[in-house]
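**Student:** The two chains are supplied separately, each in an independent frame; assemble them into the complex guided by the hints.
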Amino acid sequence: MQRRTLLTGAMSLGVAAPALAQSAPIEIQFWHGLANPLGGLLEKRATDFNATQTKYKIVPTFRGSYPETMVAAIAAFRANNAPHIVQMFEVGTGTMMNAGRAVKPVHELLAETGVSIDFDDYLPGVRGYYSLADGRMMSMPFNSSTTVVWYNKDAFSRAGVDPNKFPETWEGVAEILPKLKAGGGTQVPMSTAWLTWAQIENFSAIHDIPLATLANGFGGLGTELRINNPLVQRHMAALVQWQKDGLFRYGGRNNAGEPAFPNGEAAIMFTSSGFRARVQREARFGWGVAMLPYYQGTPRAPINSIIGGASLWVMNKGPAAGGGRSRDEFVGVAEFFKYLSNPEVDAQWHMDTGYVPVRRASYAIAKDKGFYRENPGADVPIEQLLRGGGTLTDNSRGIRLGGFVEIRTIMEEEMERAFQGQQTAEQALTAATTRGNVVLRNFERANRG
Amino acid sequence: MRKKVIFRGVALPYLLLLPQMIITLVFFFWPAGMAVWQSAQREDAFGLSTQFVAFENFTDLFHDAIYLNAAWNTVIFSTAVAALALGSALFLAVQADKHIRGAGVYKTLLIWPYAVAPALAAVLWLFIFHPSIGLVGKALASLGVNWDYRVNGGQAMTMVIIASAWKQVSYNFIFFLAGLQSIPNSVLEAAAIDGARPMRRFWGVIFPLLSPTTFFLLVVNLVYAFFDTFGVIHALTRGGPGNATETLIYKVYVDGVQNLNFGSSAAQSVILMLIVISLTAIQFRFIERRVHY
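Here the protein sequences come in this chain order: A and B. So the first sequence is numbered by this note's numbering: it starts at 446 and just counts up by one. So the second sequence is numbered by this note's numbering: it starts at 87 and just counts up by one.
Heads up, some of the hints might be wrong.
[To be verified] A few chain B residues facing chain A, derived, Cβ under 10 Å:
| id | residue |
| --- | --- |
| 1 | 104 |
| 2 | 107 |
| 3 | 133 |
| 4 | 146 |
| 5 | 151 |
| 6 | 154 |
| 7 | 183 |
| 8 | 201 |
| 9 | 218 |
| 10 | 236 |
| 11 | 239 |
| 12 | 280 |
| 13 | 326 |
| 14 | 341 |
| 15 | 347 |
For the record, the hints were derived by calculation from the structure and aren't laboratory data. By construction, the Cβ of each residue, glycine as well, lies at the ideal position given by its N, Cα and C atoms.
Isolated chain B (complex conformation) (with noise of 0.2 Å):
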């Protein structure tokens, strides 16, 4: 049942839209349209020469090795991210959608990493998997694994995968725990006397019934892998060894922080800017048509 609600003039309407319009504006438009305009220049780091560049910043970039080296160290790094959060926290969903006890303890305990700063959750792996301080670092070492994230970048990226994609689990398990209780038991009965076994049941009955649920998340996890990781990555590698753990968003702070070549880092933000979008314009596409809220 929709309600319409009719205005006389179009003043009302306009003023009520107004601050939020007025913030899209300041904060979305104003600095997005600041950052196409500065990929297209070069600059000295305190701004008081300019020259205009046109394009030459973003050819540059693709013919950087470095950078195309972050953007396949993205596509690896977001892969294992979405992989490791979705399939874990689908795994403890189903667990914790039983019938066990002390059930409430143990959904609160899942959903708590979610409110840990990234930063903070960084320095808590810092503890686990350093090689001098950490407990499961040091326990590698004394049974003889080379254990050392600083110089080896096999091991760097898998644990900055894994702390992301901890950090990511508690999202997951909220919407996948929802997603299972909104499954009716009607139908789970009905596989149930037609004699499917509980492998059975999950995979040809829950899991089709959870697609909405885990397109969503796909969608939200990549999103997060590729915009949200810079607090974990910078805590724990800063992007090394070598390049190993350098993505595209934290090369954007390197590019523009670190180094001040704003020219260059703006066209990078350019390229994720239009990455975002075309991911959000996927959700909003195939998800808003298909789930029923």
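Bound conformation, chain A alone (with noise of 0.2 Å):
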């Protein structure tokens, strides 16, 4: 802590002495919360932009994982010593959307400083992810993701399944587990990593159902859950008979679980896109890449699922009047992001990571340099987004529910009691309801003034 005040104090040093020198460039700081390898590539866009001007020079800095880099900025906001960029996870976005003067829009940032970014060309669920229901843009899409399925190839051949064709439907997935677990010669069939964003709100917005009320939180503070519904309770109800039979293993909250899936310890993995890169690396064995698999004669399923991954936000300085940033430290975020939406900028940042082009051109650019002949699969994710058309519904827009961080982990407690034998699916999902709708009443009271 100590640290981090003489840290945080020294780069508002940083910042005040470039005003003195005229010539030395306007300092922008810039917080994230990607680990290495990708913190690197991340840092790297930034030097890449300070390298092709001179009047602003961008200085990242990671501050841990994405919880960490949200409390740090929301508390370093109090302190009146916000940075000007902080990346913040997905999950945190209805916590940002109601920040009032702690946050400028990025509609309000483009207008002001004349720079003109084309939202247009934007993938649909990631635009909508991050824009108000009118469509002005909120943050500024970065790196996003979604989660598809890894499975192993081997493992599949050995079982006497098909390796070139995973099943399209969670009946034919229940088909094929046994098999699995009796020849696929690994520990367990299945696991997953991020239960809730895989199982439950990737699983609700393909198939079509409500998260929660409002849109899922899109149209306002008083939405309330709705993953009690028969779909999720048969899906959750699976997954813990599975967990009895050994066919499927919790393997932990967040991404906890990822490793089973490289040291083949599980023979299909449910995680996001970006995990490509370590499985890239780790693995010693087949693998392939498959969309997520939905339950037969569900109405209008499967559609596209919804993104994850962060988004870049705008912080004013500190709660007094006025924000306490120039004119120029604006323009000199809103030439940033104009850099990091450059189709090539962008096709590259997903060629080097995993993470999905958020733009239509960069998805392009990719497919003309034969990014995904090379890399099978490595389309998936993108196509997945699309799927269903890419029109959005209100279910797969996206969600946007205060204290959203906190109705994750209620979700996951819940579960893990239904894990452990200790409830029924049925009665984890009320749970949650009743927990995670204290949360949202919560919000709504202290955001509403």
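**Tutor:** Quick look at the structure:
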């Protein structure tokens, strides 16, 4: 803590000093939450931008995990020392949207600085997540991903399952799990990371059923959870049963379960498309990527999945009136965003990291370069985001719940109890709904004014 | 023999006290006062709108099943940690007090764990208990035990108790050893001459004479289990699975730092502050009187 204070102190000195020396560039603080190797790749974008001009200097700083970065930025704002740009994970979006004068909405930033970015070219799922109901952008989309299926082709072959075709439906998955258990040669047939993001949030989106009322919270703060519905109940009950039968293993919260895939313990893993770099580096077997399965007979399923990852938010310096930023600083931020929106830059970011391209133009560039021929399956996440024609419904636009970090933890806690056999899946969803709604009401109350 | 120093004025003594007073005010009273103040408020994460709610944060807590669960977890956890750490430390100290070869090495090794940072200790335990990479975890799995602390709350609790107790054994060991060595030999010899066997000598003579040390350590261990075990829990289970290993101190972190619910978090800190005040009061009242240094 002490060191952090000193560090921020030192940084604010760094901001103040250039004002004296006129030739020195204007420093723009950029806090991010990506560890290496992704963090290094992100910082390279800042360095590259700095090399294109001399007026502004983006100073990227790693602030720990996404939640830690979020907390650090909020604490800095309260201490009148917020960074210009903060990378905020998607679950923090609801909180940031309601942050009032703490944030500078991107549409305002662009209007005031006269810089333009062609948001019409952005993937609808990406744009929808970070914009207001009327389409005005609130934050700058940057690293987006979505949940996909990673599967071990060698294990599939051993079990006598077609390794080139992952089942499209959950019924199909249920059929192959016992085969994988019997002959796949892995410890467990299936596991998942991001239990709620993969198996509840994206599950609801692709089946076109609501996670919460008021269009998953896009329609206002009065939203209530709707996860306790027959389809989610059915799916959670299946997971609990499979866990009991040794066909599925809950691997822990967030992405703690991920290593079980590259080290060959689990034949099937549900996790982020951003997992690609790690699988490429570590997996000693043939692997494939597939779209999320759905339950047969669900009307309108499957449609597009929703994104995860993070976006960049512009922050005012502190709670004092006026926000404490100069026009020059905002111009610097806008120019940096414009640079990031360049399809060439975005396509390279996509190819380096496994995050999806946020623009159609960047997707086309990656295609032209033959990236998907050389990396089969790398286009699966993008195709999945465009599944069902790419027109978003109220259920597939995204999720905008205040206190969503806490709600996710609640869902995980209740499901963990179900996996321990302390309650049924239905009881878990009922309890999660009740507890989650308390969080939503508290958030509504704290942010009404 | 107490030496009395008499100052001529009042300025100098106050001046000498000042640095300590400032530190106490700035680092203890001010934050504690802030916590009390904040516990009566409810505000958004950014501090842009604040509402005075008096005791609502407290009443909410006592109606919150998750909070009561955390309180119960804390009772089980602290009792088990204190019992395990005290019991094993006493056993080891009694063994180390005997005349054995290499006693110095043995003592040094026992004191070592105290120097290990909690997070590191937790990682060491992770390498032992992790179901897929841990030594014991793998061995248990091969014996057919369904060991997975990530889904089994009882196993998770057992693991954090063992890891937390292990850290505290060294500290207890030092005190017990010192306590044992300060028991006069003549008393033990007298008991031996009267025909008391080793077990009887231990329970009849040594244990009662050690009781001030034991009582002091009991309070210290409880305070440790209440407040210093955050690192171990955070690194091993993060309070899960479910809320099986979520203790009061861990919940302060979850609500304050993760969920940005400052009002409730502050209210919980105030409750913890009251607990530590009463533990300290007990310690001063009973221990300071009985122990003769």
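**Student:** It remains to establish, for every hint, whether it holds in the given structure.
**Tutor:** Here is what the structure says about each hint:
no. : hint : verdict
1   : 104  : violated (22 Å)
2   : 107  : violated (21 Å)
3   : 133  : holds (5 Å)
4   : 146  : holds (9 Å)
5   : 151  : holds (9 Å)
6   : 154  : violated (14 Å)
7   : 183  : violated (41 Å)
8   : 201  : violated (21 Å)
9   : 218  : holds (6 Å)
10  : 236  : holds (5 Å)
11  : 239  : holds (6 Å)
12  : 280  : violated (55 Å)
13  : 326  : holds (6 Å)
14  : 341  : holds (8 Å)
15  : 347  : holds (7 Å)
The earlier numbered hints that this structure contradicts are 1, 2, 6, 7, 8, 12.
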